[in-house]
Amino acid sequence: MNSKQMELNTVEVWDGNMANAQALRQAAVDVVAAYPITPSTATVENYASMHANGYVDGEVIMVESEHAAMSGCVGAGAAGGRVATATSSQGLALMIEVLYQASGMRIPVVLCLVNRALAAPLNVNGDHSDLYLTRDSGWVSLDSFSPQEAYDMTLMSFKISEHEKVRLPVISNQDGFMTSHTAQNVRPLSDEVAYNFIGDYKPLNAMLDFSKPVTHGVQTEHDWHFEHKAKQHAALMASKEVVKEVFEEFEKVSGRKYNIVESYGMEDAEVAIVCLGTTYESAILAVDKLKEEGIKAGVVAPRLFRPFPLVEIAQTLQNAKAVACMDRSAPGGTVGALYNEVAGALFNTSARPVLRNLIYGLGGRDMTINELCDIYRDLNKDAKAGKLTGKIQKLTGVRGPELSFYEL
Amino acid sequence: MSNQKEIKNLKTFSTAAERFEGSHVLCPGCAHSIIVREVLNATNDNLVVSAATGCLEVCTAIYPHTSWDCSWIHIGFENASTAIAGAETMNKVLRKKGRIPADTPQPKFVAFGGDGATYDIGFQFISGCFERGHDFMYVCLDNEVYANTGGQRSSSTPIGASTTTAPAGTVSYGEKKNKKDILSIMAAHGSPYVAQVAPNKWKDMVKKIQRGFDTEGPVFINAMSACTTEWRFKPDQTIEASDLATDSLVFPLYEIIDGTELNITYRPKNIVPVRDYLAFQPRFKHLFAPENEHIIEEWQKRVDARWEYLQRREEARV
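Protein chains in written order, with this note's numbering: chain Z, 1 to 408; chain B, 1 to 318.
Read the hints as simulated data drawn from the structure, not as lab findings.
Being a predicted model, the structure only gives us computed values, none of them experimental.
Hints may be right or wrong, so weigh each one.
[To be verified] Cut-off 20 Å, straight-line C-alpha distance, at most; resulting in silico cross-link-like pairs (SDA-like, lysine to any residue):
hint: 1; chain 1: B; residue 1: Lys-92; chain 2: Z; residue 2: Tyr-55
hint: 2; chain 1: Z; residue 1: Lys-165; chain 2: Z; residue 2: Asp-200
hint: 3; chain 1: Z; residue 1: Lys-291; chain 2: Z; residue 2: Thr-368
hint: 4; chain 1: B; residue 1: Lys-269; chain 2: B; residue 2: Arg-312
hint: 5; chain 1: B; residue 1: Lys-176; chain 2: B; residue 2: Thr-165
hint: 6; chain 1: B; residue 1: Lys-92; chain 2: B; residue 2: Asp-214
hint: 7; chain 1: Z; residue 1: Lys-212; chain 2: B; residue 2: Val-272
hint: 8; chain 1: B; residue 1: Lys-92; chain 2: B; residue 2: Asn-46
hint: 9; chain 1: Z; residue 1: Lys-231; chain 2: Z; residue 2: Lys-291
hint: 10; chain 1: Z; residue 1: Lys-212; chain 2: B; residue 2: Thr-104
hint: 11; chain 1: B; residue 1: Lys-96; chain 2: B; residue 2: Glu-216
hint: 12; chain 1: B; residue 1: Lys-179; chain 2: B; residue 2: Pro-192
hint: 13; chain 1: B; residue 1: Lys-96; chain 2: Z; residue 2: Gly-199
hint: 14; chain 1: B; residue 1: Lys-92; chain 2: Z; residue 2: Ser-3
hint: 15; chain 1: B; residue 1: Lys-96; chain 2: Z; residue 2: Arg-135
hint: 16; chain 1: Z; residue 1: Lys-202; chain 2: B; residue 2: Lys-96
hint: 17; chain 1: B; residue 1: Lys-97; chain 2: Z; residue 2: Lys-165
hint: 18; chain 1: Z; residue 1: Lys-4; chain 2: B; residue 2: Arg-99
hint: 19; chain 1: Z; residue 1: Lys-212; chain 2: B; residue 2: Lys-176
hint: 20; chain 1: B; residue 1: Lys-92; chain 2: Z; residue 2: Lys-229
hint: 21; chain 1: B; residue 1: Lys-207; chain 2: B; residue 2: Val-272
hint: 22; chain 1: B; residue 1: Lys-96; chain 2: Z; residue 2: Tyr-55
hint: 23; chain 1: B; residue 1: Lys-203; chain 2: B; residue 2: Lys-176
hint: 24; chain 1: Z; residue 1: Lys-229; chain 2: B; residue 2: Thr-215
hint: 25; chain 1: B; residue 1: Lys-92; chain 2: Z; residue 2: Pro-203
hint: 26; chain 1: B; residue 1: Lys-92; chain 2: Z; residue 2: Asn-205
hint: 27; chain 1: B; residue 1: Lys-301; chain 2: B; residue 2: Glu-261
hint: 28; chain 1: B; residue 1: Lys-92; chain 2: Z; residue 2: Asp-200
[To be verified] FRET-style restraints, in silico, Cβ to Cβ:
hint: 29; chain 1: Z; residue 1: Thr-334; chain 2: B; residue 2: Glu-298; range: 17 to 23 Å
hint: 30; chain 1: B; residue 1: Lys-97; chain 2: Z; residue 2: Leu-285; range: 43 to 49 Å
hint: 31; chain 1: Z; residue 1: Arg-187; chain 2: B; residue 2: Lys-97; range: 26 to 32 Å
hint: 32; chain 1: Z; residue 1: Leu-204; chain 2: B; residue 2: Asn-263; range: 41 to 47 Å
hint: 33; chain 1: Z; residue 1: Thr-334; chain 2: B; residue 2: His-294; range: 55 to 61 Å
hint: 34; chain 1: B; residue 1: Pro-105; chain 2: Z; residue 2: Arg-187; range: 43 to 49 Å
hint: 35; chain 1: Z; residue 1: Ala-119; chain 2: B; residue 2: Gly-217; range: 47 to 53 Å
Positions of the beta carbon are idealized from the N, C-alpha and C atoms, including for glycine.
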């Protein structure tokens, strides 16, 4: 590297956006093409500042839209180097077309997605509407619950994305504002350790390799399309094992252990909630409080949202009697996505807990520990009764009369 | 750095090494294939090509076949320019970092799009790339219609043409708007070189393409691409249709350097009436009905005025 060395302390105070930017710098990304959007703007601002001060060797292309940002990343990635970008919400919605093209062409790209609500109404705060929009786009999707984890996941995203068995783009998610704008202690790796952990970029079918001209982004009909999508799906499903391996390797260099399904208190839990993002950390505090009250509570959070760890989720929940799946996204006319995923995971197992779906925290509304305790208490009623004591779906924390749906 | 072919005559040019090969399924008589061959064969340098969704893309890269003996990418309808800008930037970075050895010859970057991808859906992306000054050549294959989707109007469709979404009917003469002046718009971006070309004037075209390849920064080429299917002439009449376009001055051949210096590069010895150009193409057939004749007159007046304007600008050097 020709870039200037940045002095890092053993412990830095970084918010999630700075954590992303530092991970991008340490990965020595070749090209970042980006367009600013709240709350992910500071990821690219921080990175641009590092670039302006000589700490970054690559190029930053400040394009005219998020669609162009992902288009530039795919073009640059196909050319044969490491690429990354960041976005949120409407920006993700605008680039979603190109997300499918990146994964379909098996171009490694890292997208730092700072989760935020989708308009209308316009709202800049955190929920998982944009995360859910990426569900079927063929990207590996990792979730972090704090700035430290955002840093760690973004670093690991490069290694997973570029792995020879994967060669798929990866999203590193974090909660808008709750993580992206909350400064916390982060223990970074040294530049050398971080870069060596990821390794040099190994081009595959690079457009800039003129010894072997390559055609990217072909047209297929029914004669071949299915086979292409099947292979892509197979690679995505197989990436789960690579993610596990990368987590293990990361533990060796950082001392920090990650699991594709994180859980707390599940050893003896009778009631559990399944959630994504920062709610996991709040739920841990609620679990401790409830255990004191004699309620056997636990919390489960898929660290890996895609490929969805169906088996591991089912195993983690095998002794639970009542489970609430918490979806932080407007449900759009059905039960929440996480509910569907978890129900799908449990249906063919002997563990068939009572399942509830809670829609919560839209547009950045808080989910307090007291509210979480109330949810657990309701679940406890279900567990005692051995059946649902209310409707399947409830919008919790919403102003006005209680909204609950779907009766069995 | 550039390694461009000497163009002596059509025979030597046409037998040059091919980068755009067979196995495509473009319509017989499609001007796209002629233009693309002329562009790619104008240089011996390594090429990185992107194509927008459109006839060219869907007819030349149908898995497991490809017509492209060069690096090639298609992403979407709108973003061929940004894809090539990404690749061009990556080339810079990898050289700076030493991952591409410094003595490796510089490749050329080319994006192809139809008029739909250029004038309409991809315009924002092209504008962004030109504003940022990426070093590449954008070639618009302008057939004045969304041909790939079966003949809908675009903002390049000229007034009076009948298309599926602007059809001529009992109370309509077809397309109501004049064609967008894309060349002026692209020149106004501060592009170092923009030009209009047509495949029938191949020497003029190759000269401009070579100049484009030698120019640093974003270059825009608008290539008239006569469409046998949508303009409805016979497949063996492509060059004749192009001749009528350039000789009637409906499609004048000129270039603008650094946004100011304008050079007319082809002056027909005998200027053909616009009427002859229109009469050649059944898409304008209805204009010859008495109630629509005024459109033909308007056409001629506008073409005359444009020619006058181009000549004055050429003289004025502004």
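Where does the structure disagree with the numbered hints, that is, which hint numbers, in rising order? 7, 9, 12, 15, 17, 19, 20, 21, 23, 24, 27, 29, 35
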